[in-house]
Amino acid sequence: MTPGLAAGLRRWGVPLVWLGLLLLASLGMAELEAVFRWLEPDSREVIYRRTEFLTLLGRHLLVVGVASLLAIVAGVGAAVLVTRPFGRDFLPLVAQFASMGQTFPPVAVLALAVPVLGFGTLPIIVALLLYGLLPIVRNSLAGLQGIDPAVHEAARGMGMSRGQVLRQVELPLAAPVILAGVRTSVTINIATAALGATVGASNLGDPIISGIVNGNTAYIVQGALLIGLLALTVDSAFERLLGWRRIRFR
Amino acid sequence: MIELFDVTKRFGSETAVDGISLRVERGELCALVGTSGCGKSTTLRMINRLIEHSAGEIHLDGQPVRNFDEQALRRRIGYVIQSTGLFPHWPVARNIGLVPRLLKWPRARIQMRVEELMSLLGLPMASFADKYPHQLSGGQAQRVGVARALAADPDILLMDEPFGALDPITRDTLQEELRDLQSRLHKTIVFVTHDMDEALRLADRLVVMDAGRIVQQGAPLDLLRDPADDFVASLLGGDDRGFKEAALTRVEERMLPLSPRLIARARVHREATLRQALAVMFREHADRLTVIDDEDMPVGELSLRRLVGARPHE
Ligand SMILES: Nc1ncnc2c1ncn2[C@@H]1O[C@H](COP(=O)(O)OP(=O)(O)OP(=O)(O)O)[C@@H](O)[C@H]1O
Ligand SMILES: [Mg+2]
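So the protein lines, in turn, are chains A and B.
If you're matching positions, the first sequence starts at 1 in this note's numbering and goes up one per residue.
If you're matching positions, the second sequence starts at 1001 in this note's numbering and goes up one per residue.
One thing to keep in mind: the hints can contain errors.
[Said to hold, decoys possible] Part of the chain A face toward chain B, derived, beta carbon under 8 Å: (1) G13; (2) A150; (3) V151; (4) E153; (5) A154; (6) R156; (7) M158; (8) G159; (9) M160; (10) S161; (11) V169; (12) P172; (13) L173.
[To be verified] Residues from chain A that keep clear of chain B, each with C-beta distances beyond 10 Å, as calculated: (14) V114; (15) T121; (16) T187; (17) I212; (18) G243.
Source of the hints: derived by calculation from the structure; they are not laboratory data.
Everything numeric in this text was worked out from a predicted model, so none of it was measured.
Just so you know, even glycine gets a beta-carbon here, dropped at the ideal spot from N, CA and C.
Just need the whole structure built from these sequences, with the hints factored in.
Quick look at the structure:
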């Protein structure tokens, strides 16, 4: 094994283990039939088979991925804009929105989105986008505003343009804090996305909803297990990413 | 050459700098002193346009600064601040190479320049190039700050309390190094400081500011001997002004040839200041010193009367 690969494995070992378990569980859930039979002796079917788990996982990831990507672009973008000289006037407004929105339950966002956007994948993406925006905006603001004013002064004083200061100084320095916000946002959204199943979006929430409706605990456990493993995989990957950034210049 | 003509800066209704005129010749080090909030930093930052002046004109080598592109202007002016403002996510070598990189110098030239500056400022390449700013002591960080300001070889250097946060010994060393650098590089420097000894030691021209105006300017010795008013006198040290003046004059300027009298036991180096000579007299309870050179050879003598410049019959 080359040294680079060994170091990479050591760094990413934990997330890789979770990822392995996640894939194993998605592909081999049927192997655990005995366990689920014991859990749910009365039902005819104890393994959720309406859709393949791997397909559900893919859809789940897609929804969370799209919503998170949009949230990152919009959230970091908004934070950048209101910390520029021309956008300062909107800073209090955006900061307030970011701290207030956090108290708004995602179910409520979903309930409001459905009448406007109808059933399906779109309302859940909108709900996740809105809900995931908040930690990102809040952390991006904290990160950008937390930069030592002397660093900013020196950057400008040395003759960097505003764009250069943003790209080479502000964003890299704020990155660990921004990334922590993205981590919160994505992890919350992985769990919240399951709610999508209630409005007709198909994802890992399906077995849970179906389990609740049919009184089948085994389905619920299967959905919850996969969502939990997915959250752990992503969260531990972020943990590595953050630790690595800290070592570099803190 | 830097020239300010009747320059004013207003922040809203407050006037931070109030119609100042100033001329700093090429190769001159001009120190701005004055109480906190009198407009020293504002003056400095108007020169590199981090702050735009409200009225008057600022010229660099005869050209109004407003005629320059903002970024281009700053890239040809070195800027050093008290808290260094080093980029925490860049190693030392990269921090120093910032302006050359902005100016798109070729890689190899930047590398050479960084090495040159690091050795000039006593930062061995091997041990410092890859360190991050948080791994440096205050004095080392400030050296990096100075190196970064000098990187693209600017004619002009603006320094805002560069050594203000350092301990007295490190400050002393860096002042000496700056003097040394200046005697070789002949930059045009505007230097803000709260430390009067530092100002007197480094400055060719001393500018005293109060409430946004220049109260007095001139050679340090002239200001010490003839302060314009009580404010200048007290800022320059009140009754201690005598000591500050003594600190600006070297023993060799006052000494007399060895007299036929018995040679004095207490000795002082010819390049010591009168202040140091006075301290030796006090310590040795002597009113006469033998002046020696680098080889410890007596080259003259200095009496207390002669040191204080007493007139013959008083
Ligand atoms: N960006 C700004 N906005 C509003 N007022 C300012 C600004 N910068 C400076 N001032 C005001 O201008 C005046 C002069 O400030 P300046 O920083 O030039 O003082 P200074 O002489 O450098 O003081 P110190 O010795 O404490 O550094 C102060 O009253 C300060 O409050
Ligand atoms: Mg100041």
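Here's how the hints hold up against the structure:
no., hint, in the structure
1, G13, "26 Å, violated"
2, A150, "4 Å, holds"
3, V151, "5 Å, holds"
4, E153, "6 Å, holds"
5, A154, "3 Å, holds"
6, R156, "6 Å, holds"
7, M158, "5 Å, holds"
8, G159, "4 Å, holds"
9, M160, "6 Å, holds"
10, S161, "6 Å, holds"
11, V169, "6 Å, holds"
12, P172, "5 Å, holds"
13, L173, "6 Å, holds"
14, V114, "45 Å, holds"
15, T121, "39 Å, holds"
16, T187, "26 Å, holds"
17, I212, "49 Å, holds"
18, G243, "16 Å, holds"
Violated hints amount to a single one, hint 1; each of the other numbered hints is respected by the structure.
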